[in-house]
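Number of protein chains: 2
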Amino acid sequence: MKKIKIALLGCGTVGGATYKILQMNAEQIAQKTGVILEISKILVRDKERPYAVPESLLTTNYQEILDTRDIEIVVECLGGIEPASSFMLQALKAGKHVVTANKAAVAANYETLVSTSAQYHVMLRFEASVAGGIPVLDALQAPLNSNDIEEVSGIVNGTTNYILTQMIEQGQAYEEALKMAQEKGFAEADPTADVEGIDAANKLSILIALAFGEIVPIEKIATIGISKLSKEDIAFASHLGYKIKLLASAQKSKTSLQASVQPTLVPKDHMLAAVANEFNALFIHGNAVGDLLFYGKGAGGLPTASAVAGDIIEIANAIDKNAAFDSYVNKISASHLTYLGEGSNAYYLRLSVSNRPGVLAAIATTFSQHGISIESVTQEVNGDAAKMMFILNEVAREKLELALLALEKLPEVIKVACILRVMN
Amino acid sequence: MKKIKIALLGCGTVGGATYKILQMNAEQIAQKTGVILEISKILVRDKERPYAVPESLLTTNYQEILDTRDIEIVVECLGGIEPASSFMLQALKAGKHVVTANKAAVAANYETLVSTSAQYHVMLRFEASVAGGIPVLDALQAPLNSNDIEEVSGIVNGTTNYILTQMIEQGQAYEEALKMAQEKGFAEADPTADVEGIDAANKLSILIALAFGEIVPIEKIATIGISKLSKEDIAFASHLGYKIKLLASAQKSKTSLQASVQPTLVPKDHMLAAVANEFNALFIHGNAVGDLLFYGKGAGGLPTASAVAGDIIEIANAIDKNAAFDSYVNKISASHLTYLGEGSNAYYLRLSVSNRPGVLAAIATTFSQHGISIESVTQEVNGDAAKMMFILNEVAREKLELALLALEKLPEVIKVACILRVMN
Ligand SMILES: NC(=O)c1ccc[n+]([C@@H]2O[C@H](COP(=O)([O-])OP(=O)(O)OC[C@H]3O[C@@H](n4cnc5c(N)ncnc54)[C@H](OP(=O)(O)O)[C@@H]3O)[C@@H](O)[C@H]2O)c1
Ligand SMILES: NC(=O)c1ccc[n+]([C@@H]2O[C@H](COP(=O)([O-])OP(=O)(O)OC[C@H]3O[C@@H](n4cnc5c(N)ncnc54)[C@H](OP(=O)(O)O)[C@@H]3O)[C@@H](O)[C@H]2O)c1
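Going line by line, the protein sequences match chains P and Y.
UniProt numbering puts the first residue of the first sequence at 1, with every later residue one more than the last.
UniProt numbering puts the first residue of the second sequence at 1, with every later residue one more than the last.
Derived by calculation from the structure, the hints in this document are not laboratory data.
Every value quoted in this text rests on a predicted model; they were computed, and no experiment measured them.
Some hints could be false.
Chain Y regions said to be covered by chain P (calculated; three or more residues, Cβ under 8 Å) [to be verified]:
1. 20-34
2. 126-136
3. 141-148
4. 285-294
5. 313-319
Pairs of lysine-lysine, DSSO-like flavour, derived with a Cα cap of 30 Å [claimed, not checked]:
6. P:Lys5 <-> Y:Lys254
7. Y:Lys41 <-> Y:Lys2
8. P:Lys268 <-> Y:Lys231
9. Y:Lys5 <-> P:Lys321
10. Y:Lys399 <-> Y:Lys228
Even for Gly, the Cβ is constructed at its ideal location relative to N, Cα and C.
When you get a sec, could you build the whole thing from the sequences and use the hints?
Next up, the structure:
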């Protein structure tokens with residue numbers, strides 16, 4: 001049986017779990033695939049720290065890995081854009097195949113990484129970088145390549161989904177739920193990248209490249225996190241039949257792309273609403289297959305390493321079959337995009353208003369003057385003040401912003417307290 | 001760009017839709033994959049019938065397709081075990097790659113088809129044969145090959161799921177719901193293969209081969225359809241917090257395999273309970289990735305043909321890369337199974353009993369004597385008679401059957417009216 005040698009870069013949560021899976025399931029892997037996978041070196045920062053791997057494998061010198069000719073696959077589990085990206089490029093240029101779980105590095109350097117892998121005829125795979133263990137990037141390649149993909153939306157960040165689940169189910173405030181997530185290991189000490197939607201935007205950028213063949217850097221994706229969400233809007237949304245989820249969404253038509261990461265009202269009977277805690281789910285719409293949903297664990301050592309190890313196996317199979325290597329990713333075409341933005345959506349709006357006769361009439365008139373129609377309105381009166389919650393029918397974000405400016409000038413309107421997208 | 005020629009066998013629902021997708025999405029496919037796919041012959045029974053394809057492609061002579069050297073891929077969309085299986089074997093032996101949507105033929109001749117494709121170094125793919133457009137067989141290969149798969153369960157038959165959805169949501173009786181499904185094109189004139197669970201058993205047999213590497217012919221899978229289900233048990237199950245779904249399930253441990261197709265009580269908050277109408281969903285548990293769920297359309301021309309076309313693209317990519325061909329399916333190993341059966345499950349039981357004091361005590365004693373514990377009991381009294389609905393804790397089916405024999409001998413018990421599995 002052919003033996004294939006592998007180097008791991010990093011031996012933290014994902015690196016350590018990758019080592020574990022290749023040990024634990026070695027027999028099945030060999031039996032199913034006909035290849036033996038051997039981790040022969042592991043890059044760490046400090047050899048003296050305790051790791052659950054044989055000490056003899058550890059090295060602190062990356063050059064040693066690059067120089068070892070019989071290492072055919074380099075698995076990057078360091079995290080961060082640098083030095084991870086440079087390390088990957090060096091490996092590709094040294095003729096080694098690369099697997100990574102690093103969405104930040106892949107999103108930041110997508111074109112360079114993909115084109116380098118193509119130029120050096122080696123494979124680059126990053127299944128674990130989006131939605132952890134759910135094999136969705138693989139599915140977006142060949143199995144769905146017969147489709148024109150029209151939409152990719154989903155819950156791709158486990159930390160924020162855990163926090164939102166606590167807020168929805170326990171009625172907790174954001175800070176309280178964040179603290180609990182940190183205690184349970186679902187959020188990091190510095191949660192910024194997760195709670196501000198940056199991690200989700202990295203993943204969406206990768207999904208857009210694979211599903212639509214367009215390169216959209218995260219700076220161009222409208223991104224709103226969950227740190228400003230109030231208990232109150234979670235409760236009002238629930239009352240109106242919705243759960244608020246942090247959705248990463250992209251819809252494509254011939255020449256336009258709508259993309260955003262933002263808290264979104266999802267109807268309670270939609271399957272995405274049932275995705276709780278640290279779970280992730282991806283919804284895909286193809287013009288042939290219709291609607292698909294993929295659900296599973298988006299984070300955690302073993303689930304993420306399951307995808308890393310799957311990529312290793314795909315590459316090992318290709319080596320074993322002497323396949324002419326090609327990056328597994330679809331070709332990126334010259335972009336024909338004429339529009340990139342949030343597009344048209346239904347919206348949830350909460351206004352603070354003075355409680356006097358004619359206030360609804362004034363607001364409704366303003367909406368109507370801006371061509372916006374109201375789907376529903378509810379209110380909660382508290383003495384002189386009142387809260388009004390609207391669900392507005394589909395409207396372009398730009399148009400809505402103009403209407404909000406006009407609303408804020410009405411004497412009856414105290415302030416626009418909350419605007420959230422409603423899932424189409 | 002490389003052009004790859006393809007023959008379709010059959011131009012019905014799936015064959016016709018495959019032709020349509022390759023036309024409709026030709027540009028994207030060429031752009032994403034770098035190959036041009038051309039359907040150059042289509043086998044039909046009668047050239048005079050109207051088809052939505054150019055007449056010049058039609059042939060009634062299969063030998064002509066086998067003899068055309070530049071046809072590299074044969075796509076079987078005829079249905080039925082024969083002549084489909086023989087046609088596929090002939091194509092493989094002629095050095096042509098084969099794609100099929102035919103679960104009956106694949107389940108019946110799995111080993112022969114797979115070993116012939118390996119022997120002749122050509123590829124055999126059958127993604128569409130299980131759960132239509134959902135790319136689950138592909139996922140069960142490389143992306144999840146790093147896992148020891150422990151369970152595969154799901155709703156894999158759209159016809160029965162449509163009928164059950166009508167029964168659950170509209171309170172219809174089985175016959176009424178079947179008639180409606182037939183009118184809407186979700187059930188065939190002769191619905192036997194679907195409603196008796198045979199179609200689902202074919203799919204489960206294929207899933208077992210891919211997930212566990214074991215060959216289990218459908219005759220060895222305990223199979224119960226939905227045609228005997230009463231409105232009454234649907235309603236009682238709902239009252240107890242469950243929806244009844246036709247589940248195809250297989251669980252594997254080191255040496256034993258539990259496999260069955262049967263109507264099963266699924267807790268209402270489980271994601272499988274949310275799968276309605278003609279949709280399918282597959283639940284997979286791997287020892288690294290944990291729980292995964294794949295959801296989408298399990299039938300219909302375009303969704304099914306999406307998977308067929310996906311397989312064509314995978315093969316075309318392999319041809320394009322000069323990959324040493326191998327059947328894409330995992331190697332089947334010598335079986336170590338010592339047990340194959342329904343295994344241990346929780347059960348729902350409905351008894352008709354006489355309404356007299358002591359009846360529950362007598363029944364409970366009998367269960368206890370057989371080592372079976374009761375999770376809950378509810379009853380509905382109607383004069384002298386009563387119905388008792390039990391949920392029993394996990395017990396081996398064989399043990400349950402012994403207890404039922406004993407129950408039937410009790411003077412208080414009129415009959416065992418219904419036994420259904422409850423999802424673990
Ligand atoms: N954890 C998850 O659930 C998950 C899920 C999906 C994707 N990912 C991705 O997987 C990657 C790894 O995440 P992780 O959770 O495994 O992180 P982690 O537990 O922090 O592990 C990273 C390891 O790499 C080491 N490292 C960093 N830079 C190094 C360098 N220059 N030289 C040598 N060692 C270095 C770190 O050592 P120090 O501690 O000394 O810095 C640490 O031991 C990230 O890209 C992450 O986004 C993670
Ligand atoms: N339809 C679905 O939603 C679906 C989903 C998943 C999988 N599948 C599978 O896909 C396959 C095809 O199903 P389908 O729905 O497309 O069936 P279909 O609509 O009945 O089409 C089959 C076609 O093949 C023709 N045919 C059969 N035997 C032939 C022969 N010996 N020579 C020439 N032509 C022959 C039939 O012609 P006649 O009418 O003259 O017999 C018919 O036109 C089946 O294996 C099915 O299980 C179907």
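List of violated hint numbers, smallest to largest: none
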